[in-house]
Each structure stands twice: as structure tokens, then as C-alpha cells.
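Make the complex out of the two chains shown on their own, each in a separate frame, by following the hints.
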Amino acid sequence: MSLIPVIARLEEKRALDHNHSLFRFIFKEEQMREKFHFQPGQFVMLSIFGVGEAPISITSGPDEKGFIDLCVRKAGRVTTALYSLEENGKVGIRGPFGNGYPVDKMRGGNLLIVAGGLGIAPLRSLIRYVLWRREAFKEVAIVYGTKNPASLLFNEEMRELVLRRDIKCLLTVDSAQDNESWKGHVGSVTDLIDMTGMPLMDTSVAVCGPPGFYKYVLEKLLSLGCSKGKIYMSLERRMECGEGKCGHCVIGHKYTCIDGPIFTYWDAINLPEIF
Amino acid sequence: MLFFTLKKDRLPEFLDAVDKRYKLIVPEQKGEKTYTFRQYTEFSKVSLEFIRTIIPPKKLIFPPVEKLFSVDKECRIDASHEDEQFSVIFGLHPCDLHGIEILDKAFSYGGRDTSYWRRRDKVGFIGLSCLPDKYCLCKSMHTDFIESVYDIFLYTLDDVYMVSVRTALGDDMLRLSPGLFNKPTKEEILEYKERIQIRDSMFTRIMDTTNLADLLTLEYKNDIWEEYSKRCLFCGSCVMVCPTCQCFDVYDSPDVIAGNSCRIRRWDACMRKDYALVTGGHNFRGTRPERFRFRYLHKETGFGEMHGKASCTGCGRCSETCPAGIDMVEVVRRIRE
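Chains A and B, in that order, give the protein sequences. Here my numbering is used: position 172 in the first sequence is 172, and no number is missing along the way. Here my numbering is used: position 175 in the second sequence is 1175, and no number is missing along the way.
Extracted from the complex, chain B is given alone in its bound form (with noise of 0.2 Å):
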């Protein structure tokens, strides 16, 4: 890993260059308080100040909808797809970040899924560094902090961006525009110690997550599920801005007269009453509270046995969007209680 400094005024400079070589996705405001990727068009457009967007980057590199291949009349399959240009997502958070991680290794168990893994492949990452709002919980989830995924990452100081180049790409994306870095000094290293110190100050909102696998299972009876769900609107909105939520439906889309069809995925959520409907009728997760409950457990253990770590991010979008004002916060204190 190579450390650098960027002036922030010459911050404009660097991303026309990448914007040059690769495709560059950004983060913009889109209303007044909502924020979204977007490919860059010009520097004052940027956000360089948002908390989270409204989606995840997720979809950048797993689309809502994609066509899998098409098929004819007499069956014959056609997978083939425009090649894809190499983009640069820039300004990403170290929650979102993380959530890319774990999407690698969702897509990778089991075998590598090649619709994931042609995008991811051809996708490198500028990160940022954030302040936390109320809703940021990625001290507790430990992904306040990222050392891997990441090709280059800034943190951003007084007058310049301290710049951690992690990978070859980095480096490539650098000397883009070479006269732009320079090597940190005695007083910017200090001030980076120092910020670290204010960020990680600042966090409010704390979720005790000692031994929580062994809790939820532990708690699986318990009222709290039948209680919460009644609330729930079972409306996936958490599933679809959740930056790990990889489920996903399979179906065909046929053009009757033409006499072909589509195969597509998309996204799907396990809040979905026929998520684990079977034919012949029975389902598997028929009640609002089993569906509940299995977001949570999914996320907090399921992923965990598998990987090694719980699947959730710590970056607060479920708890902001849910329009029930659930939050796993909250949810995972009564479990504590």
C-alpha cells in the first residue's frame, strides 16, 4: 500500500482523467435529501459531502433486472452481450465497500456466478471516507474502517485528501495525472491520526452485537417476532436498499407472437409472502413472523456461518427507509432484553 496527498482543489483534475481513460460513476444529489450513482458528467455535480445513497452500489454491479439470454422458436439460446467498458465508481463509503466484499463471496459460493462476476470484473473503486450520521451503525458491525476491495481510497482532511493506493489499477488510475501527488508530510500524517480520533468519536448509535448469532437462535420463540411483524409491512423496501440482499427470482418473459423469449432476473425479497411457496402449495415461511424473523436471522447468523461474519454493513439504510419505522437496532435490544 502506497499513501500519497491530493490537494482537494486538484481533486476536479483527477477524476477528469479517469473519467478520460475508464467509465466513472459518481454520487449525486438527486432530491433534496437523497443521493444516487450516477456516470459523471462534470466535477460540481459530484457529492463529495452525502451519507448514503438511496440504493446501494450494488446495482451497478448487480442490476434490479437483467436479461439472462434470449431464446428462439427452434430453441436456439442466444447469451451473447455487449462488452462491457471497464468503470471507476468513485466515492465509496467503507460500509458500501464492505458490502461489495460480501457480494463477492455470496456470488463465488458455491462457484462463481458469471453474470456477477463479468461486471465485477471490470470495475475498479475510488473510496471516501464519511462522518456518521444518527443512522450509521459501522462501528458496531466493525466496517468503519476498510482494508481491502478498494483500489484507491481518499480520507478527506483539512486541505488535502490523504490517498491510499491499494492495487495496481490505483496506481494506474494515478499516473493518469501525475503531477498531482505528492508524498504525505510529518504534519498531514498527524492530522489523519487525528481525524480518525473525531470520527470515531462521533458515532452515536451503538448495536452490542457480542454473541448475537447465539441470542437469535437462542430467542427464535420469542414474542418479539409475532409483535414486530405485525408492524411490518412486508414491503421489502430493507431488502432492496440492503447493500448485501443478493436473492434473487428467475422467469420468462415470452413475445407470443413472435414465438420467442426472455429469460430475466431480478431482484427478490424474503419478506415476500410466495418467496418459499413450492408447488403443490406448501410454504415453507407462510407466516408474516417466520418471514420476519428469517431477515434477521439470515443476516445477522445464516451469512455468518457461511463466511464467517454477519452480512450487515453497519450503513443504516434499512433503518432510514423502513416507512414502519422499524429499526434492527431497536429490534436487536428487546432480543438483548
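Pulled out of the complex, with its shape left as it was, chain A reads as follows (with noise of 0.2 Å):
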């Protein structure tokens, strides 16, 4: 373990929204891009020298070698410095850190998984992971919200999956008023969730989203038969290593970066501090 990054090259920036980007690094040493192996829901420290360094989860599947996606919000000292690093330019990595989601266990069952916001990032790397492996699922349904039809992220993609038919992927807005093309949901996430029809007695969840968010996510939940122990949420916390010793990411006894940050529900209210 090392506070040490290792050097990467922005290969590719895409604007999702007026806030939100897509970011494409790749590794300046070959070995490192076939070394660099992760599991959805784990994230990377993101240095830009001079400034400082992030947490940010990663957004790419573990599947696509030889480069890693960050989908990042500019909002603070080290984003905002990035948002002005022209490609081609270089940045520090480390990771990947945390637990990510255990897809071991989630695979062979229902899995739902439960977007909000920018809590599509680390969502979009189980997805990718699913559907590089469709069959090792039963029944998958994406339910996405976000505040309207400009801020939903990964357009384009997510209207592929809605129209697949082995998924069932729904998407909807607090509000379309800004936007009369849009023809979906307008409403909350948890009706989505009834509309999915899925039994979810036996179904593992992914959640993540704004803080707001959750409380009624896993409302719903509860009230659909879903057990504590396959709600899966992921947490935020400051964080200043990544590796369990820095103290910032603690919640009562654990480290959010090396325990979590994914947390089933059931965890999550076994530490004080949370609710």
C-alpha cells in the first residue's frame, strides 16, 4: 500500500450535461493497463498534480481492458482542474480501492438496480458487467431518475436499453417541463420500481443516489418484501487515502473505503452515525 499514484493519460473527454463528463484514462505503462483489474462499485484516487487528489468511482466495466471511465461532476478543487486538462494531458491513479458490489453472490438471482443522479456512475459498471454476461442472471431491471431530461446521463445509452428486451430498463424526471420531447416517466423512481413487476422477496438491489434519495428508495423497498441483506448501498464519504488510514471516511467502526463503500442496508444501519 502507497500514497504513490501512477501516471495516466486523459485519452478522451465527453460532456454528458453542463456539469457532468465522461472521462477516458489510460495508463502510461502497458503493464499497468493489463494489471488493472476492478470490480463494479470500487473507485480510484484521482490526482491532478499541483491540486490534489478525489475520490471518484468508476464507470467502465471491469471487462474493457486498457482504459478506465470516470463519469465526473465539476464541483470541487481537484473536478474543476480537470474539467481544464486538455486530453492528452496527465493525471495521477490510484486504486482500485473499496469493496465493490459482490457480484459473486449476485449472480444466478433477480438483480434490480436503482439510479439516481450521479449515482448512475458506479451503477453503470455493474450494468456493463451484467450485460457482458447476460446469462449468468435471471430476471434484470434498471430503474434511473433524474431532475429532467437534460440532466440524465449516458442518454443515448440508456435509451438503447430501454428498448432491449432481456433487460427491463425505466427511466423517468421530477419534471419534463423543460422538454416536450420527452416521452417517458414523469414521476418518482419508486413508482418505476412497481412498474418493473418484479418479485423482489429473493432479488438482490444495487442502490445509489443523492443522500435524499435513499430514504425513500428503501421505504419502498421494504414495503416490496426485499431483504436488509441484498439492498446494496453505496456510501460517500471525504476520503484522503483510499486504504483505511487516514480516518476521514469513518462511520462508528468502519472504513467506508476499505468495508465499503457498498454496504447492504442491513450494515448500514448497524452503524451508529448513519440514520
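Everything labelled a hint here was simulated from the structure, so no lab data went into it. Ideal placement from N, C-alpha and C gives every residue a C-beta, glycine not left out. Hints may be right or wrong, so weigh each one.
Computed footprint of chain A on chain B; a stretch qualifies when at least three of its residues, placed anywhere within it, have a C-beta under 8 Å from a C-beta of chain A [claimed, not checked]:
| no. | segment |
| --- | --- |
| 1 | 1239-1252 |
| 2 | 1272-1286 |
Residues on chain B that point at chain A, a partial pick, calculated with CB under 8 Å [said to hold, decoys possible]:
| no. | residue |
| --- | --- |
| 3 | 1071 |
| 4 | 1107 |
| 5 | 1109 |
| 6 | 1301 |
Encoded structure:
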């Protein structure tokens, strides 16, 4: 374990909406490109030298080799500096960190993915994992909600998922007033959970979204008979090291960076400070 | 473990010999009532009677500010560092040795921290027995004696030190001055036993730690956190002087003209307002009572769940240092009421 990053090159940046972009990085050393394995739900520490380091979840799939994609909101010092980085500019990357989604446990059963806003970032990695080996799962449903049609991240990809027959993908927005061409659902993601018609008793559920989002989604899932041990939440905390040392991400007696960031709802309610 | 005795007036010869071979660090008096660990110069400056240094010996292995690497305009990283000389720290009391043991665990949890272990692997310890003052809480925390971490431990008797040698490094140190060490006599062993009893009876400060982790969790919403957080100045002194607080912050220090920068880590404190603040403005521990409570819970229970025991060594530094006079023993007693 070391706090020294490896160098990667910004291969491509693509705007997703006015303050979210997708950044593709390629490690400078060829060996590193081969060596870098990760699980959906894991994150990296991204360095912009001279500015600092920030934890960002990986949004590409673990089977896509040679690069990693990070979906980043322009929000703090490091991410703002990343936005002004030219293509081919260099960054530092450490990781991957965190436990990731327990995909081995999820395989063989039904899977429901519930995303809100930027919460799609780590879940997109899980979605890509599932699509790569679709036959390993029974029923798969994805529900994704954003504020409005313009803030729907990975718009085209999501629309393609909606058209697929081997998964059920449903999209919703809080309000479509600014976009008359929106033909999809308007309302809460909890409505979409009902609309999937999926029996939730034995289904694994991966949830990621802003803090307020969890409350309604969790209530809904429990009312439909979901097990607290099968609801997987991705938690956010301040992190300085990603390696269980700096102390900043501690929740009660757990380090979000190594014991998490994926916690079952059952584990989470047993942590002081959470709810 | 081997036992010897060393005549008290021969200690200077022993330390001189250790100093010749290793970089020797010793406790010295700093102010009227304050002590600090410094590099050895001469025996007359070594303090043998001190109770506690201001800053615990963690500073020697985990520096308050540390450069992790520098990086130039072309993003070439230079993480080189000078090879540290092997040092021996003399004069650690059992509480501080327990502190090192806890730091060892903290810096190994989830993988070894290379910067910490680079120094830690090049340090030896000579422990020294002590007598408690009004702040010492080690007996309650079960850290009043130690059976690990040190290489040599000196128990002060009337005319001699009872010397416990625990490691091969300790044996190496002894063999630097061969004529000084003798087999303990029956009388000396008896005196050693009596000293243990006497020291044990001298503790005036007791904290009941029975089921403390449970109680702190049950009293999570107690008004006491609010009350004490009004008195607390949130200065972080208790954290800085704690032998087991290991939190740090990582930041870049750029040289704009040269176009290069350094990545630094420095000690941080969970009492600080923006400790749990994330980008976007959400603070996961935004209020003062939350931050005050967190330190108690993490020290007494959090670390316990991970490592099997509380991470307080009972050294007494936080109670002695607190400018607001907040005393952990009092807080815990109030929780028990």
C-alpha cells in the first residue's frame, strides 16, 4: 500500500450535460493497463498534480480492458481542474479501492438496479458487468431517475437499454417542463420500481443516489419485501487515502474506503452516525 | 525473554555504547515541567524521572508533516527518500509502548502503510518503568505493563535496573557493552516483586471500563455530548498529544513558478469542522456535539471493534493538555450515571 499514484493520460473527454463529463484514462505503462483489474462499485483516487486528489468511482465495466472511464461532476477543486485538463494531459491514479458490489453473490438471481442522478456512475459499471454475462443473471431491471431530461446521464446508452428485451430499463424525471419531446415517465423512481413488476423477495438490489434519495427508495424496497441483507448501498464520505489509514471516511467502526463503499442496508443500520 | 540486572551508575556507559552504534533518541527536559524526545547528546541531559512527554513518540515514526513525493512539470514522480539510520528510542513507558503497538495495527489495517513502516522497521525500543501521577490511567486501560513491542525494558529498583531482553535486537544492544550485565540475585527478584506491588498501589485515578463500548452506544443521544461540546474549544490538542490518533490530511503544495509540486501528509484531527466535509458542501459530522462524541466513540469503541480493544492507552496527555479542562474520566463517569 502506498500513497504514490501511477501516471495516466486523458484519452478523451465527453460532456454528458452542463456539469457532468465522461473522462477516459489510459495508464502510461503498458504493464499497468494489463494489471489493473477492478470490480463494479470500486473507486480510484484521482490526482491532478499541484491541486490534489479526490475519490471517484469507476464507471466503465471491468471487462473493458486498457482504459478506465470516470464520470465526474464539476464540483470541487480537483474536479474543476480536471475539466480544464486538455486531452493527452496527465493525471495520477491510485487504486482500485473499496469492496465493490458482491457480484459473485448476485449472480444466479434477480437483480434490480436503482439509480438517482450521478448515482448512475458506479452502477453503470455494474450494468456493463451484467450485460457482458447476461446469462449469469435471472431477471434484470434498471430504474433511473433524474431531475429533468437534460440531466439524464448517458442518455443514448440508457435509451438503448430501454429498447432491449432481455432487461427491463425504465427512466423517469422529476419534471419534463423544459423538454416537450420527453415521452418517458415523470415522477419518482419508486413508481418505476412498482412498474418493473419484479418479485423482490429474493432479488439483489443495488442502490446509488444522492442522500435524500435513499430514504424513499429504501422504504419502498422494504414494503415490497426486500431483504435488508440484499439491498446494497454505495456510501460517500470524505477520503484522503483510500487505504483505511487517514480516518476521514470512518462511520462508527467501519472504514468506507475498505469495508465499503458498498454496504448492505443491514450493515448500514448497524453503524452509528448513519441514519 | 532473558533477565539481567544493570547497576544504575553504569547506565551512562550502556547508553553511550548504544549511541555509538545506533541513532539514540532520549527523553529530555524542555520547560519547567515539560519533556520531549530528542537525539542523545550526553547522559546528564537524559531525564529518567519524567512522567510523560508533551508529544508522544509517534512523532518519531509518523512525523507531523511528511512529504510523500514531489512531481515535476512532466508529471515525473520522485518518491525517493534518504535511507534512515536505525534509531533506538530510550525511555518509553508501558503506555507509550502500547501506543506504538496500536499504531502498528492502525497502519497495517487493510495493508501496510509504506511511509510508516519504512521508519518503523528501523526503530528499536528501550522501555523504562515509571510511577503514576494524578493523570495516569494506564491501570484502568490495562496498559500499565507491557509484554511486547520493546526490545529491552528497564525496571527501576534501588541500586540496579532489572533488565528484560525480549528480542534479538535487544540482545545485540546488550552485547555492545558486555561487562555491564549480571544475572539477577534472589534479593533483586524479591525487590522487583515488591516494586510491582508498590507501583500498583499508587494509582489514584480509576476509570471503570466495564461494558464501556455498550454504554457509549446506548448513550449515543445523551445530552452530555451537547453539554461538553459547549465547553470544548475544538482546538484539537487532545488529538495532537494522543499516542494513538493517526488521522491525516493529504494536500498538494505547488511551486507555481517552477511548475512542480509536493504531496504532503500532515496530522489531522476529527475535532476540526471540515473533517468530514465533502465536495458539494455536505458535512457528515457538521455539528459540534457530533464531533465531540465521535472522538469518544472511536477511541473507546470504534477501534475496539476492529482491533479487539480500546485505543486509549491511559497516558493522561489529553486530560493534562486540554485548555478547557475536559477530562475523559469525568466524561465516562457521567455516561455511567
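To test your reading of the hints: which numbers does this structure violate?
none
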